Amino acid sequence: MNSRERVLAHLAGKPVDRLPLMPITMMFACQQIGARYRDYCTDYRVLVEAQIRVAETFGFDYVNTMSDPAREAADCGAPVEFFDHQPVALVEDRALLADKSTLARLKIPDPLGGGRMHNGIQAISLFKERVGSEKLVEGWIEGPIAEGADLRGINTLMTDFFDDPAFVKDLFAFVIELELRFAREQIRAGADLIGMGDAAASLVGPHFYEEFVWPYEKQLVDGIHAMGGRVRLHICGNTRRILKGMGSLGCAVVDLDSLAPLHEARQQAAPGQILLGNMNPVTVLRNGTPDLVTAAAAQCHREAGPRFIVGAGCEVPRDTPPENLRALCEYAHQHAP
Amino acid sequence: MPDLKLLYEAVVNGDAKASLAITQQALAEGVDPLILVNEHMVPAMDEVGRRFEANEFFVPELLIAARAMKASLEVIRPLLIARGDKPAGRVAIGTVKGDLHDIGKNLVASLLEGGGFEVIDLGVNVTPEKFIETVNLKQANIIAMSALLTTTMPAMKSTIEALKSAGVRDRVKVLIGGAPITQKYADEIGADGYSENAVGAVALAKKAVAT
Ligand code: B12
Numbered sequence: 005m006n007s008r009e010r011v012l013a014h015l016a017g018k019p020v021d022r023l024p025l026m027p028i029t030m031m032f033a034c035q036q037i038g039a040r041y042r043d044y045c046t047d048y049r050v051l052v053e054a055q056i057r058v059a060e061t062f063g064f065d066y067v068n069t070m071s072d073p074a075r076e077a078a079d080c081g082a083p084v085e086f087f088d089h090q091p092v093a094l095v096e097d098r099a100l101l102a103d104k105s106t107l108a109r110l111k112i113p114d115p116l117g118g119g120r121m122h123n124g125i126q127a128i129s130l131f132k133e134r135v136g137s138e139k140l141v142e143g144w145i146e147g148p149i150a151e152g153a154d155l156r157g158i159n160t161l162m163t164d165f166f167d168d169p170a171f172v173k174d175l176f177a178f179v180i181e182l183e184l185r186f187a188r189e190q191i192r193a194g195a196d197l198i199g200m201g202d203a204a205a206s207l208v209g210p211h212f213y214e215e216f217v218w219p220y221e222k223q224l225v226d227g228i229h230a231m232g233g234r235v236r237l238h239i240c241g242n243t244r245r246i247l248k249g250m251g252s253l254g255c256a257v258v259d260l261d262s263l264a265p266l267h268e269a270r271q272q273a274a275p276g277q278i279l280l281g282n283m284n285p286v287t288v289l290r291n292g293t294p295d296l297v298t299a300a301a302a303q304c305h306r307e308a309g310p311r312f313i314v315g316a317g318c319e320v321p322r323d324t325p326p327e328n329l330r331a332l333c334e335y336a337h338q339h340a341p
Numbered sequence: 009m010p011d012l013k014l015l016y017e018a019v020v021n022g023d024a025k026a027s028l029a030i031t032q033q034a035l036a037e038g039v040d041p042l043i044l045v046n047e048h049m050v051p052a053m054d055e056v057g058r059r060f061e062a063n064e065f066f067v068p069e070l071l072i073a074a075r076a077m078k079a080s081l082e083v084i085r086p087l088l089i090a091r092g093d094k095p096a097g098r099v100a101i102g103t104v105k106g107d108l109h110d111i112g113k114n115l116v117a118s119l120l121e122g123g124g125f126e127v128i129d130l131g132v133n134v135t136p137e138k139f140i141e142t143v144n145l146k147q148a149n150i151i152a153m154s155a156l157l158t159t160t161m162p163a164m165k166s167t168i169e170a171l172k173s174a175g176v177r178d179r180v181k182v183l184i185g186g187a188p189i190t191q192k193y194a195d196e197i198g199a200d201g202y203s204e205n206a207v208g209a210v211a212l213a214k215k216a217v218a219t
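If you read the protein sequences in the order shown, they are chains A and B.
Throughout the first sequence, residue numbering follows my numbering, covering 5 to 341 in sequence.
Throughout the second sequence, residue numbering follows my numbering, covering 9 to 219 in sequence.
The shape of chain A in the complex, shown without the other chains (with noise of 0.2 angstroms):
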């Protein structure tokens, strides 16, 4: 079996020869190939060049499109700056919403309009023409706290949950919209399975979570599997407290940071859910030894069962030792669920 039909026949809950491998890795690919990291967020080709390369010399079973936050952003109008060696950021103190009103006027941008999103799914089109048979292709989308956050500032947004809920929730209403766009023309494009990066909501708490996040994510997961797609749903930082609701969204993924217990998230989520996951991806992965990157493999592998796919809690960062790297993916080439 190919690496797409082993992801694919995972996912289904249908016998694989081995555990999926599917790290993030965006810094990282793009130093494989020597290209600054400006071009692998801007130009399509320069991202699919680094997601194979790096896919082809660590055995990935996917590749992906993320880069960084911004592209919906920035196609809705909100300044961002682009740094040669860093992903492209939204400058928060000129959010494009920083005056509420605007959100009433907001236009979603079309997604095929030639912008930063019409970018990625240029990406999903050369993967699925270059790699489409051999590789799980992975698309991106922001959540609706992680987008909320972009196109508000994400200090204000966290304190317009107490100000103004109704504000946070027209926002949200309006980033789903646009996010489910987004994914509609992803799948069209190829894409096998919408990653779902959903930052910020780590760092709210369970309560806000409950009644203000988790309805958005379902909708958005409910959205794209009405398309027929497939949700991994990402969240950085410690997602302890929220690990249950992330656990019932339904989603074909749940990929988590190194900072929430994935024996905790086993018990919580939903039965047979697919984690992914979590080693600390500094302090293990980049900075660890192969013998200690195998062991937290086989750590994460024993807290989440055999409903697993093999990955660190969040990005390979750039100057991982490629050694420690292979060591975390012998572990899925070696290992049956």
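Do not take every clue at face value.
[To be verified] To be clear about the criterion: a stretch of chain B counts as covered by chain A if any three or more of its residues have a C-beta under 8 angstroms from a C-beta of chain A, and this derived list gives those stretches:
1) 64–71
2) 105–116
[Said to hold, decoys possible] Pairs of lysine-lysine, DSS-like flavour, derived with a Cα cap of 30 angstroms:
3) B:Lys25 / A:Lys104
4) B:Lys78 / A:Lys104
5) B:Lys25 / A:Lys173
6) B:Lys94 / B:Lys146
7) B:Lys78 / A:Lys173
In case anyone wonders, no lab produced these hints; they're calculated from the structure.
As the structure is a prediction and not an experimental result, all values here were calculated from the model.
Heads up, the beta-carbon is just placed ideally off N, CA and C, and yes, glycines get one too.
Following the hints, position chain B with the ligand against chain A.
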């Protein structure tokens, strides 16, 4: 005389309106502004920090508490200046070059203000040159640097080195913090102090200016 326990509660609960109203009333009745700060607002922020560590509070709660404290400080600060109280020190704070994370840095800045410091917030992605300029032009005597990325931690070291080359290292105390930073790292790069949270940052800054 208003019940000053309510000021404490207003700050803990992030109620800026109440915090301001109680402060104004207390000041009108002749309560010493420093008592409001040191005996009620600072302990309130300590409690907020404790609840954050205990996973009872999260970032939104931290930010509204800091905002409530600031609302009161706005009316207190001019009074302190008018009567000739000197700020505890002048802090130039920023997130280091290449790093854009600022939630933690903003909290530290707010609490330093609460602790009686004058704070010059240089924002994010702050170059060593910018820190040096602030020491030279604005006479900052504390530099507080924040970094959340392993890849930007070295910028703290290079900033300290740049301060040395510019000949201003001994005019300032350098404090550092952010999730990946450790005391060990602070010692290695020759920083004057490290704290793992914003409440600790104030104690650290006070210690730094006292020595
Ligand atoms: C929010 C967030 C973002 C937001 C930042 C928005 C903003 N305006 O700040 C966005 C989406 C932009 C972002 C981007 C990225 N992020 Co980020 N982000 C986070 C997240 C989820 C929360 C950070 C936070 O605000 N914590 C809450 C505050 C209150 O805590 P704090 O900052 O630690 O501050 C406290 C203390 O440290 C201390 N303190 C802080 N500063 C100082 C200073 C002094 C002097 C003192 C004494 C004390 C002190 O006091 C504070 C209060 O108690 C963390 C994960 C996590 N939960 O930690 C990842 C995280 C920090 N990000 C990470 C990464 C990798 C990135 C990106 C590279 C990802 C990417 N490829 O796009 C980019 C980099 C962008 C850049 N160039 O900076 C990694 C860093 C890994 C590492 N160690 O290197 C983390 C840990 C996620 C992960 N698990 O991988 N991120």
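Item to check | Given pair status - Lys173 (chain A), Lys78 (chain B), alpha carbons within 30 angstroms | outcome: Roughly 27 angstroms separates the two Cα atoms, so the pair holds.
Checklist entry - When you check the alpha-carbon spacing of Lys78 (chain B) and Lys104 (chain A), does it fall within 30 angstroms? => result holds, 23 angstroms
Next on the checklist: Check whether the Cα positions of Lys94 (chain B) and Lys146 (chain B) lie no farther apart than 30 angstroms.
Outcome noted: holds, 15 angstroms
Next on the checklist: What's the verdict on Lys25 (chain B) and Lys104 (chain A), does the C-alpha distance respect the 30 angstroms limit or exceed it?
Outcome noted: holds, 21 angstroms
Checklist entry - Within the assertion that chain A covers the segment 64–71 of chain B, do at least three residues meet a Cβ-to-Cβ distance smaller than 8 angstroms? => result Coverage by chain A holds for the segment 64–71 of chain B (6 residues, Cβ < 8 angstroms).
Checklist entry - Is the Cα-Cα distance between Lys25 (chain B) and Lys173 (chain A) 30 angstroms or less? => result Since the Cα atoms of Lys25 (chain B) and Lys173 (chain A) sit roughly 24 angstroms apart, the hinted pair holds (cutoff 30 angstroms).
Checklist entry - Can the segment 105–116 of chain B be counted as covered by chain A under the rule of three residues or more with Cβ-Cβ separation shorter than 8 angstroms? => result Held - the segment 105–116 of chain B has 5 residues with a Cβ nearer than 8 angstroms to chain A, which meets the minimum of three.
Comparing the model with each earlier hint shows no violations; every hint is respected.
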